[in-house]
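Novice: Given next are the chains, with one letter for each unit.
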Amino acid sequence: MIDLQLLALLLTPLTGGLLLAVFGSRSWAAELNSLMSFCTFIAAVVLTVRVIDYGPQVAFSEQFFIDQFNVFLVALTAFVAFTTSLFSRPYMRIEQHYGKLTIPMLRLYYSMYQMFTLAMLVALTSNNMGIIWVAMEAATLTTVLLVSLYRTPASIEAAWKYFILCGVGIALALFGTILLYFAAERVLGEGGTALLWTHLNQVKGELEPTVLKLAFVFLLVGYGTKIGLVPLHSWLPDAHAEGPTPVSAVLSGLLLNVALCAVMRSKVLVDGSLGAGLAGDAHFAGNLMMGFGLLSVVVAALFLSRQKDIKRMFAYSSIEHMGLITFAFGMGGPVATFAAMLHMTMHSLTKSAIFFAVGHAVQKSGTQQMENIRGMMQVSPTVGWGLMLGTLAILGMPPFGIFASEFLIITTAMHDYPWTTPFLLIALGIAFAAIFGKVQPIVFGETTARRLPHQPALIPVFAHLLLALILGLYMPPYLADWYRQAAALLGG
Amino acid sequence: MPMSYSIQLINLLASTLLLIAFAMLSQRRILSLINLFAWQGLVLSLSTFIVAYSTNQQHLYYSAGLTLLLKVLVLPWLLHRLMRKLNVRWDVETLINIPTTMLVGIGLVIFSFNLAAPISQLSESITRGLIGIALASVLLSMLMMLTRRKAVPQVVGFLAMENGLFFAATSATHGMPLVVELGIALDVLIATFIFGIFFFQIRETFDSLDISHMERLKDD
Numbered sequence: 000m001i002d003l004q005l006l007a008l009l010l011t012p013l014t015g016g017l018l019l020a021v022f023g024s025r026s027w028a029a030e031l032n033s034l035m036s037f038c039t040f041i042a043a044v045v046l047t048v049r050v051i052d053y054g055p056q057v058a059f060s061e062q063f064f065i066d067q068f069n070v071f072l073v074a075l076t077a078f079v080a081f082t083t084s085l086f087s088r089p090y091m092r093i094e095q096h097y098g099k100l101t102i103p104m105l106r107l108y109y110s111m112y113q114m115f116t117l118a119m120l121v122a123l124t125s126n127n128m129g130i131i132w133v134a135m136e137a138a139t140l141t142t143v144l145l146v147s148l149y150r151t152p153a154s155i156e157a158a159w160k161y162f163i164l165c166g167v168g169i170a171l172a173l174f175g176t177i178l179l180y181f182a183a184e185r186v187l188g189e190g191g192t193a194l195l196w197t198h199l200n201q202v203k204g205e206l207e208p209t210v211l212k213l214a215f216v217f218l219l220v221g222y223g224t225k226i227g228l229v230p231l232h233s234w235l236p237d238a239h240a241e242g243p244t245p246v247s248a249v250l251s252g253l254l255l256n257v258a259l260c261a262v263m264r265s266k267v268l269v270d271g272s273l274g275a276g277l278a279g280d281a282h283f284a285g286n287l288m289m290g291f292g293l294l295s296v297v298v299a300a301l302f303l304s305r306q307k308d309i310k311r312m313f314a315y316s317s318i319e320h321m322g323l324i325t326f327a328f329g330m331g332g333p334v335a336t337f338a339a340m341l342h343m344t345m346h347s348l349t350k351s352a353i354f355f356a357v358g359h360a361v362q363k364s365g366t367q368q369m370e371n372i373r374g375m376m377q378v379s380p381t382v383g384w385g386l387m388l389g390t391l392a393i394l395g396m397p398p399f400g401i402f403a404s405e406f407l408i409i410t411t412a413m414h415d416y417p418w419t420t421p422f423l424l425i426a427l428g429i430a431f432a433a434i435f436g437k438v439q440p441i442v443f444g445e446t447t448a449r450r451l452p453h454q455p456a457l458i459p460v461f462a463h464l465l466l467a468l469i470l471g472l473y474m475p476p477y478l479a480d481w482y483r484q485a486a487a488l489l490g491g
Numbered sequence: 000m001p002m003s004y005s006i007q008l009i010n011l012l013a014s015t016l017l018l019i020a021f022a023m024l025s026q027r028r029i030l031s032l033i034n035l036f037a038w039q040g041l042v043l044s045l046s047t048f049i050v051a052y053s054t055n056q057q058h059l060y061y062s063a064g065l066t067l068l069l070k071v072l073v074l075p076w077l078l079h080r081l082m083r084k085l086n087v088r089w090d091v092e093t094l095i096n097i098p099t100t101m102l103v104g105i106g107l108v109i110f111s112f113n114l115a116a117p118i119s120q121l122s123e124s125i126t127r128g129l130i131g132i133a134l135a136s137v138l139l140s141m142l143m144m145l146t147r148r149k150a151v152p153q154v155v156g157f158l159a160m161e162n163g164l165f166f167a168a169t170s171a172t173h174g175m176p177l178v179v180e181l182g183i184a185l186d187v188l189i190a191t192f193i194f195g196i197f198f199f200q201i202r203e204t205f206d207s208l209d210i211s212h213m214e215r216l217k218d219d
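Listed in order, the protein sequences are those of chains A and B. For the first sequence, numbering that gives the first Met the number 0 gives the first residue as 0, with consecutive numbering after it. For the second sequence, numbering that gives the first Met the number 0 gives the first residue as 0, with consecutive numbering after it.
Derived from the structure by calculation, the hints contain no laboratory data. Glycine residues also receive a C-beta, built at the ideal position from the N, C-alpha and C atoms. There's no promise every hint is true.
Below are the SDA-like pairs computed for lysine to any residue, each with C-alpha atoms no more than 25 Å apart in a straight line [as the list claims (entries may be wrong)]:
no.: 1; chain 1: B; residue 1: K149; chain 2: A; residue 2: P152
no.: 2; chain 1: A; residue 1: K160; chain 2: B; residue 2: L45
no.: 3; chain 1: A; residue 1: K160; chain 2: B; residue 2: L188
no.: 4; chain 1: A; residue 1: K160; chain 2: B; residue 2: P117
no.: 5; chain 1: B; residue 1: K149; chain 2: B; residue 2: L45
no.: 6; chain 1: A; residue 1: K160; chain 2: B; residue 2: L85
no.: 7; chain 1: A; residue 1: K307; chain 2: B; residue 2: H212
no.: 8; chain 1: A; residue 1: K160; chain 2: B; residue 2: Q7
Coverage of chain B stretches by chain A, computed from C-beta distances (three or more under 8 Å per stretch; other residues unrestricted) [what the hints assert, rightly or not]:
no.: 9; segment: 74-82
no.: 10; segment: 154-165
no.: 11; segment: 178-184
Taking beta-carbon pairs under 8 Å as the criterion, some of the chain B residues facing chain A (in silico) [unchecked claim]:
no.: 12; residue: L18
no.: 13; residue: A22
no.: 14; residue: I189
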């Protein structure tokens, strides 16, 4: 049963990718893209219900593993991929109308969009640390041509940077995986099982701590490049700013989470291995993650105020939030892990909603330079409100969900690591001042914008924000329970 | 073949691998760079074959064959073809500071050996101690990517990095599970195709394959 459900989840985007590679230039390609994404979402929901009912499961002779932690990411990924496909339908048509995109480019976009979803879902559900690596690399490969879709010099430069930097980063992650296999082979023996996470998790206490420590450093640096942790982040603002906005939304809202999921899988193993040893560095992995996380939060906040390009600014905001999540996972413990996962969910929903609104605002004013985008409220109240509410949500204003998760993270930090609190609070304060100060005149003020040839899709924006609002006000007990179970799986 | 011979052979091949990595670091001509890359693939394939023979592991024969096919034949052929199409076969890159780069490279080798020393002591496999060499060649390829200003040498560096990683996988662990190796090989192949597409895009947009033209995107 689980095999079939998983197969449906993975085959749908694969079929979609192949179909769209053939029919991507038809006029109904956008609808087909949304339909396939919707089917993927349904499959994800079915799978999620199954895992909630029956607990963690393995499938396909243990090659895939689904537990409460990754199934929540699967559901989130499928949901945001679906809403983004709804948003991209009018967005890409408008781009085509303005002559920025041709039909072959659109075909590439639709096909790669599905393949990218597939790569992320495989990376999330795979039980094999090697396959996780392969899928992460595939996720880069499918998006790199999307970043350069407009073929402008800036977009080609951004894509090249993305390709090379993530390629180097992910190579380091492969070295980490090899070291992990090296340690595992001595316990589990040669052959297929020594890279399977479920097997590794059972014997994690016996794995050689020195090797695992080194492996984790490589894995964190490697996947950290993908997460966008400072100082490995320099590809991220470029790729987010120069690619088409739907791609920015899924890169920022989803891919970063997937990379973080891979890091968390490794962290569980390293913690188990170090905790069993006599060495006094049981919190080695956590400390590393806290360090990278805190640095990312602070540096990203400082860079925020210097941005002129609106998508670039929100890309830096993603770095800041991913840093915060990494920091929270690094602290460990049930509350911080719970908060980190909540923050992951809220960030995905809110940031993709912001990118949707930003995308239409940019189309209306014809530029990404913030000083030239003015008076969105006048020309289109929905875009204006979407942008304003999204900005308030991402800045952690109550009653949105990010307020709850940031509150939990900061109170835990105050309790466990008091010295980090001033850094976090000051960084969040700077980020608030920078982003709010820049978005405010964009939303209000005199307008220069134009009308769009197609009706923009703003339902996804408000759907995401509404979800973030509801979860901020009231978390249903079963959902809280689910998060708690997932936190427990991560050794919280 | 007695065990000691095969160990000596593998050690010899490992040092050849490192030597080729250094040669690539200082090679100015793009054409020779691609040939060096093919040689590195051959060395890799041979060492995998010897590990397979001496430990009698079936799946390593496959990966040796796969390496031979992909890294010695297909990828260099693809690159040569691209060079012909782009008409940059005889391009020479002006490298500044080769001596400094070499010195940094030696530093990287020492660093990798130090990093790998505690791990090598744990290894019971016939090929202990090679993990340092593998790490060194990965880092050297990375250094090469950093010092190059042209797109093609950067890509060769990227592929050479993959060679170093593959060497780590076979020498330290007797090879990853076959499904993983196949996945990695597929990724590398697709990556090369995409790099090829990029070469054309870059040349069309910037009129050259020199990536130092790319400096539009900066944070003030």
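Novice: Given the hinted pair K160(A) and P117(B), is their alpha-carbon gap at most 25 Å?
Specialist: violated (35 Å)
Novice: Hinted pair, alpha-carbon criterion (25 Å max): K149(B), L45(B). Please report holds or violated.
Specialist: violated (30 Å)
Novice: Measuring from the C-beta of I189(B) to each C-beta in chain A, is the shortest one below 8 Å?
Specialist: Interface hint status for I189(B): holds (5 Å vs cutoff 8 Å).
Novice: Given the hint that K160(A) pairs with L45(B), test it: the Cα-Cα distance must not exceed 25 Å.
Specialist: Not satisfied, since the Cα-Cα distance of roughly 34 Å exceeds 25 Å.
Novice: Just to be careful, I want the Cα atoms of K149(B) and P152(A) compared with a cutoff of 25 Å; is the pair within it?
Specialist: Holds: K149(B) and P152(A) sit about 16 Å apart, inside 25 Å.
Novice: Under the criterion that the straight-line Cα-Cα distance not exceed 25 Å, is the pair K160(A), L188(B) satisfied?
Specialist: holds (19 Å)
Novice: Regarding the pair K160(A) and Q7(B), is the alpha-carbon distance no greater than 25 Å?
Specialist: Roughly 41 Å between the alpha carbons, so the hint for K160(A) and Q7(B) is violated.
Novice: Taking beta carbons only, do three or more residues of the segment 74-82 of chain B come closer than 8 Å to chain A?
Specialist: violated (count 0)
Novice: Please count how many residues of the segment 178-184 of chain B have a CB within 8 Å of a CB from chain A and say whether that reaches 3.
Specialist: holds (count 4)
Novice: Take a quick look at whether K160(A) and L85(B) sit within 25 Å of each other, Cα to Cα.
Specialist: holds (21 Å)
Novice: Just to make sure I understand the rule, a stretch counts as covered if three or more of its residues have a C-beta closer than 8 Å to a C-beta of the chain. Does the segment 154-165 of chain B meet that for chain A?
Specialist: holds (count 4)
Novice: Is the hint on A22(B) kept, meaning its closest Cβ partner in chain A is under 8 Å away?
Specialist: This interface hint is violated because 20 Å lies over the 8 Å limit.
Hint compliance for this structure: hints 2, 4, 5, 8, 9, 12 and 13 are not met, and every other hint is.
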